[in-house]
Amino acid sequence: MTYSSTLQVEKARNELLDPKYPLNKRRWSSQILAAILVNSVYEMRNYPIVLLNTVLSPLSFMLVIVFVSHGGLIGEAVEGGFVMSMFSAGVGLQSDLSHLKNDFKLQDMVVSSPTNWMTYMFGMAISEIVYAFPALVVLVILAYYFVRFNAIGVLSFIGVLLLMFLASVAIGFTLSTFSSDIVQSFAFSRLISTLFSTIPPVYYPITYIPLPYRYLAYLSPTTYAAELAQNAAGYLPLSSTAQTLDWAILLAVTATLLIVAGSKARWREV
Amino acid sequence: MVNGINVVQEARRLREKIAIVPQEARPIPWMTPKQTVLAYLLWRGFAYGEAKRRALRALDELGLGGSVDMMNRSLSGGMRRKVLVATVLSSEAEVVFLDEPTTGLDPISRREFWRTLREIGKERFTFLTTHYLEEAEELSDNIGILDHGSLIRIGTLEELRKSVNYTYSMRLLAGSPNSLPPLEKGEMITGMDGNVRILTVEEEAFRLSRELSKGGIRFTTNPLSLDDIFFYLASRKGEK
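In the order they appear, the protein sequences are chains Z and B.
Residue 125 in numbering that gives the first Met the number 0 sits at position 126 of the first sequence; the count goes up by one each step and never skips.
Residue 201 in numbering that gives the first Met the number 0 sits at position 202 of the second sequence; the count goes up by one each step and never skips.
FYI, nobody ran anything at the bench for these hints, they're computed from the structure.
A few of these clues could be false.
Said to hold, decoys possible - Which bits of chain Z does chain B cover? Going by a derived footprint, with three or more residues having C-beta under 8 Å, they are:
hint, stretch
1, 26-33
2, 36-50
3, 96-107
All values reported here derive from a predicted model rather than from experimental measurement.
The C-beta atom is built at its ideal place from N, Cα and C for all residues, glycine as well.
So that you can see chain Z by itself, here it is in the shape it has in the complex (with noise of 0.2 Å):
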């Protein structure tokens, strides 16, 4: 090596171990958005054909029952649409965090890193949203012409969609440290969405279900999402007390589903 290159080495190397990069002046936002930028953005950007994939998905559950009812459930099928997004967005992370994690080792990269497991985390689920960022404009334009909420019906829409939100990505989290391949982690995500968006009556009220079938949706949080959403716009009326009991349950589950993933998700493989 000659001198000059010596030189170059050190200089490099002084640069690299820089005081004026020192621990504490990590960037917390620059965690989150390398979460963003690998699940969301780079992927919409390098493959735009799943842009049409994440509109279409939760629309077309919505188209039916809108044409089934003659348009006379639009407003209950738009609030669907919003609720399966928000679901089916935080469930995804845990085919995303799965693939990530099994097939190109990623999340083995970032346990090694500064980055802890909730920022990992927070960041994946922002990025699930970004994701479904195409589908909710269509929703939100969809809701302003077809679904009448009052202020406190918003925030009270808003405050489901947050907590459903929560919830599955706590599940999602939490099943993606488990998984250990690709096709299982893809049979779960399926079928997570379907018995928790698809079957529960999350697109039309719940009194179109039989009274005996009727219980058995009560067993899905979702269920109790939508039940609060079609109250929020009017749709659906709910006694206080029916509602107060709503929104305990879906509180105490998503409560329940983050202390869950706090504890037994395995960040690190054991």
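Assemble the complex: chain Z is given as a structure, and chain B must be docked to it using the hints.
Structure of chain B alone, referenced to chain Z:
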């Protein structure tokens, strides 16, 4: 302890000093090398502009300057490995762990990749795990030998050589070990693959070579390699 940091009690501090490329890691196919390295640096907490600058510099240093915007899926195996190495090279990590970085590469790409690894080793402490003993021999200052998860010896190649009392290794290419003339000085070791090798000293290696040549038995004689040292130490595991 890694670099004076307790790995259990100071895990958070440790993660800021180390960077790892796992054995089966591969760059995400729908991303470009620039996006791959940039994202990793963002996860390490760098600001976007700084991360981009470092990513481009590291990729350039590794000879990927002309491929920064190509999809990872269109790169060769060696280039994809370099993209992963660029992630740790561009970071500020003081200790770099590379788990079998050349697995799956053809012999030419592997040797080319060694140059990259040597350069990284000049800048920071690099912990390299490999199944290719010639790779360890070629690249390492210190070599630790693991057998079934236990560290059986650690030292420089010279120190490891000294721990074996022999200087030459012989292998039969055909015929049974029974066809060997009696061994006056040395040891015959049978590996887990059933292959037999004789570790011995120089004059005995010459004597055996003459005898085997006379008998028309095909064989090889080489100075002791790390491969031989591994077989020797693994066969003596459990002995003090």
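Evaluated hints:
{"no.": "1", "hint": "26-33", "in the structure": "holds (count 6)"}
{"no.": "2", "hint": "36-50", "in the structure": "holds (count 6)"}
{"no.": "3", "hint": "96-107", "in the structure": "holds (count 6)"}
The structure is consistent with each of the numbered hints, conforming to all of them.
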